[in-house]
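Protein chains in written order, with this note's numbering: chain A, 1 to 334; chain B, 335 to 836.
For the record, the hints were derived by calculation from the structure and aren't laboratory data. Since we're looking at a predicted model, the values are computed, not measured. Built from N, CA and C at the ideal position, the CB exists for glycine as well. Among the hints, erroneous ones may be present.
As the list claims (entries may be wrong) - Simulated crosslink set (DSS-like; lysine-lysine; CA at most 25 Å straight-line):
| hint | chain 1 | residue 1 | chain 2 | residue 2 |
| --- | --- | --- | --- | --- |
| 1 | A | K114 | B | K482 |
| 2 | B | K482 | A | K7 |
| 3 | B | K488 | B | K423 |
| 4 | A | K14 | B | K423 |
| 5 | A | K198 | A | K276 |
| 6 | B | K488 | A | K84 |
As the list claims (entries may be wrong) - Simulated coverage check for chain A against chain B, where a stretch passes if three residues somewhere in it have a Cβ under 8 Å from a Cβ of chain B:
| hint | region |
| --- | --- |
| 7 | 59–70 |
| 8 | 89–97 |
| 9 | 100–113 |
Spelled out from the first residue to the last, the chains are:
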Amino acid sequence: MKTLNEKFFKLMDKVILILVILIAALSIFLYKLQKVEEPIAKTPQYHFYMVAQNSVDPFWKEVKMGAMDAAKRYNVAIEFNAPKFNNIQEELQYLDIAILSKVDGIITHVSNSKEFVDLIEEAYKEGIPVITIENDAKDSKRQAFIGTNSFQLGEEAGKLMIQATKGKANIAIIVSNDYQLDTVNQNLKINGFLDAIKDYPQMKVVKVYTSKLGTLSAEEITQSIISSKQNINAIYTTDSVDTIGTAQVIVDFNKVGDIAIVGYGDTADILRYIDKGIIYGTVMSDPYRIGYESVKSMVEIKEKNNVSTFVDIGVNIITKDNVKEYFKRIQSIE
Amino acid sequence: MQKDMWRFTGIRRKLIVYYLIITILMGITSFYSYYNAKLVINRLKSIFVDYIYLNNLNADVNMLETEVEKYLSTKSSDALLNYYTLYNKLQEQASAILNKKNYDQDGLMLKDIGNMIESLLNETDAAINAKRGRISSEYIAHFTRSNKISEYIKLYINNLLNSKLQEGSLKYASITKNMEFISYLNVFLIIGSILFNIFLAIFFTYRITKPLIDLSHLAVRVSKGDFDVRPLSIKTNDEINILAEAFNKMVVSIKNYIGEIKNQAEVEKKLKEQEMQNLKMRNILKEAELKALQSQINPHFLFNTLNAAAQLAMMEGADKSSEFIENVANLFRYNLKKLGTTVTLQDEINNVKTYMYILKTRFGDRVDFKVDVDEGVLDVEMPCTIIQPVVENAFIHGLEDTEKGGFIKLTVKKDNDKVLIEVIDNGIGMSEEKVRAILSADNEDLSKRHVTGIGMHNIINRLRLFYNTSAIEDVIEIDSKIGEGTKVTLKIPLMKGDKEND
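Same shape as in the complex, but just chain B (with noise of 0.2 Å):
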């Protein structure tokens, strides 16, 4: 606190130092002007100074005469009195004149002065002795010789005065002439150092201010909360400085940190739709599950005995039962597979085929099936059971209630960097609001009677969930005409390796 009051330094000294820049400068001005008002009026001072000092002298001597008169005239001892007084008077005034060593004209008359009183009184001293002696015919020399005298000072004073009068009408005259120069000099000086101080008032209040307006109108705009402001750059070398740095990193920090939380909350705000996510694929797989099981109330069960069968049949030699027994405990088996996992296009075309050789041996004649398949992406990898629920689907609703001619077809073709599987069947189509409602996924109630009891909801929703879609178009297309039949297209994307995403 101490050191603070002390310290000499930024705003502090340029404040210090301006104000005594200017107050320096109307101390010279005041000064100077003060001084020459001195200067003149001493030196008129001394012009009169001479004049009366003379004038006095001069008195003097006139009253001296006067007195000596009175005194030779009439003996009084007033005049006596006064004469002695101004004896001493004058003669003290001599010596003081001739003690001053002055070798000028002036001078040299005063001297003379001092010489001529000196004889003056000696003269009048004699005349006034001689008076008292009564020799009266030496007093009269004596008197009328001082006043011869007297007349002479009278005389030389005049002179004096004549050329003090000259030398101080010179003197006058330059000293009026010198005081026009120096009150015009004066007024100039005035007038340049107010003009001079104002110039600098407002040059350094401007410099002062001017980084702090800077300041505070980035500070004004940073509070409303924009910080994409230029840093300020301040060069004054003063606490101003210090402020517009530390202000500078403030508003960095401040944005940075303001970024990082950003950053914060998007990332959470995508785990949270993650996690939705997660849970809904969840709540679907063990909807499915459970409806699976609901629907196979012993699959291991039925699977078992159907193999026990299929050996049956075969022992017995009954060839074509074992076939079809063994492919309907494939099927199962098939159907026995949790629904999270994936497998490849081959597996689910396997099964549709089993699907179809057992619907064949159960309907002969009335559904026809056919499968054409591209070869190259058999190894694409997708959600189990999803293809047979679809042919299932076409059957029991397209073909079921037909009596001949019913034809389901299933082709696997690569279109660009999809897989398209189109399934259909000839059978009797559907009106656009029911194609709506299928796609929609709201509609439930067809998946009762189907062998995993999956409808095309909960296909739509495990397609869309596996390859994180929204858009229903992505993964399914139904194409139907009443009477004509329908045709449905599932778009699995050709994304290997994209199960780790899951």
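So that you can see chain A by itself, here it is in the shape it has in the complex (with noise of 0.2 Å):
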């Protein structure tokens, strides 16, 4: 009984020693728990401001991916503004609000607008350097263009329709009469895919439609198109809002397989479309390498004021063979 009781009294001290030990272990590791770790970063170089044509495309998206990525690899501030929806007045305002706030760089996409180029001189007379990404402003005292030649995509859209029709092809442009496109740009692309289809006799531009209005207005184009008696079976179109609707249209009068569609942009529902057949395919500039290539070239700019006025990006061609591929990157940027 004694001998029980002491070497329960033993026993009993060596787990309370271990108990208070554990205790105290708890303590402090809850102690490190509480402290939120801070990674330190570097004090950026510089401070660059980017504005966007809008905040839901994937493809500013991606174009803020890249240039937050070339931001880290470059160690400078990047702030992203762009409106949700396409919309000049408001890009026209960050634009002054940048020039106001006297940040290192401005980054901006422009439309083909006046307002832009002064502001771009505004900048300019501030000592501020302008990029332009996507579309150019080529009168405008813009220190670089950061984009895809229009004449390229144009001629891989063209490509695109020989595969798609096989050669034989009534074709209908849609291009978009937004103000985002020079008429330059615009024409730019038309000679770029007239020049891929003219080996080819049989494949003929019918007819060159400009929409309006955003999705309702290539939606009407489309309509237009079934019903009239050119018996026209592909169009192309330059803009991913028209390329939608035309996808649209082309679903609900059951006419998938009977007109190809060559279209502009990665958008989830451009992709979905491209995936299910009813587009054949998309041409697109790389909106990833648009937007590290505007960073670094902007750096290069303050570090030694002398860069290419024109970075080419090079054109992607979505197709359903490698459709998949873009899928995972919308989800990763989403």
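Make one complex out of these two single chains by using the hints.
Here it is in structure tokens:
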């Protein structure tokens, strides 16, 4: 009995010691848990201001991602601003704010408008370098343009159309009459497209339509194409919104397979249509590279004051073969 | 004393350690709760600090706008004064903002706001200066521009507020989520530490008091006089341990002392008893000797006289007379011996034979004697003058009054570890009451007519003392019937060398 008691006491001694140590360890652990680790970032060298066309398109999201990655790489801070939906006044406002805020550099999308040119002029006066992306303002005092050659875009679209129609087609082209693209660019795209199909005598462009007010407009055009007796069996759209509208009408009128679509853009809807075979394929510039290259060029401007005025990003071609890849990319952005 | 104050051992150390453990546990729990509460409050505070700051900034910009407008429309000096106050305030704030090197998204926006405030101030200044210089076209342009800039600032502040709000709500969500977890954790910790503390308190108390209680139980038993307790085994390594060991030693010591005292008392008692016995025996011997002296007034004279008579008779040729006188002289000589001396059985028998010879000579045919002795026991030692008084008794009380045919037989035989000496007569016998009276050893008057003056009472007592026994039947047995005779049996233990005892 005695010895049992002693053993019990000795055991309890150990148990208590272990418990006390455990409690101490637990409290230290809990204390550590409370301490949120904050990585100490290096103070960025420059503060760049980026204005995008809108903040919902995957295209601009990818541009932003590329810019952010480059910002990390070159140790600069990027302030990204964009109207939620395409809105030129808002874009201009952001540009004005950027100039008033005396940032170190402005990377902006421009629409085909004189106000952009004026603001870029003002920025130039303030000593703030401006880089345009995706769309160019050739007449302005911008330092560089990062984007894709529109002729090349048209050319690649033409090649896709040849594949889609096997060299025989009556083609309608829908160009958007948005502010965003200057007519030079639009013409370059069409010229590129025509250049691509010129060796195929059986392919001809029947008509060039101009869409006006976004989606609804492209739908109307497509409806009229379907109801007309022009026997059009291929449509080339130069804008992502027009591309979606056209595809929707094709589905609604049960013309899938009868009319081939070659479009522009990589939104989720477009990717789904490509996956289902409603849209044969789209061409577009690589948004990630636009973002990345623009920041890189801006850093070069700041440091060397010397940069090529045009950085060609190249063309991404999306068809059923590689659409899965783009789905993944979109998912990674969302 | 001073040393003792700071001693850190034994029960003191244990108690201090126990209390420390419990206190530290409770302390950790409370501090953890306190720390968490503080953390939550700080976080919530940080959220609201930003809101308040931005809100104030917004208000200041609005007010600046109002004052500028007021001045431009009324040229009031009050408005101008207010304007400059606000101007200074905003300028300070702007430079404070621009000094902050914070390059996260909110930091960038704040930096933009700082720059825009500076631009705004430039514009408003220009507007006011133009107004003073009465260049109306310019001041309107500057005012319009300043309005636009203040719109931008408000937009940015709003955006920033939104972002902060979003951030704050996220933070708040994470805090509340965290808080829920932490409050559960706290409750768990508090309950756990309470339970653990209760357990510790009970365990420690039990541990400290258990040996004390054991010790006190034992002490109670010992204090009631029960020294047959099992020694307490306590291995607590403190004062109680020392106490228990001391207590064990004490119990053993007390037990030993008591044993010793008891032994001593017993020895003393025995000694006293022995002394009493010795005293008694000496009394009896003295009494017997006194009686002998009384009855034989001058034995030496008588004995010498008888010797002379014997020699005279021999010279006259009267051999029988000489022999008789010699035997009488022997009888007296034997009786002159001190009663305390030890003799052999042989001596006693010879003495009896001498006495018998004298009686035979005196009474002739009236009495007959027979002696039957086992030769092997003649060396046995015994007190002197024992058998002769018994024979004399048998003659005086049994045969003296009978006319003829009296008979006394003496037999000595061995019986196991005893020698049985039987004196048998065929005299008148005794009643049972008389036998009992003799054996009760009180009756003294029977001895008066004896040669030696020694009665049965004396014999019995001397035998009992000599052989150290209180039971009468161990030394004597009397068997008698009225008209038929008496048989007296003396029992002498076969104990050689027994006399050293005395």
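Hint check results:
{"no.": "1", "hint": "A/K114 <-> B/K482", "result": "20 Å, holds"}
{"no.": "2", "hint": "B/K482 <-> A/K7", "result": "85 Å, violated"}
{"no.": "3", "hint": "B/K488 <-> B/K423", "result": "17 Å, holds"}
{"no.": "4", "hint": "A/K14 <-> B/K423", "result": "66 Å, violated"}
{"no.": "5", "hint": "A/K198 <-> A/K276", "result": "29 Å, violated"}
{"no.": "6", "hint": "B/K488 <-> A/K84", "result": "18 Å, holds"}
{"no.": "7", "hint": "59–70", "result": "violated (count 0)"}
{"no.": "8", "hint": "89–97", "result": "holds (count 3)"}
{"no.": "9", "hint": "100–113", "result": "holds (count 4)"}
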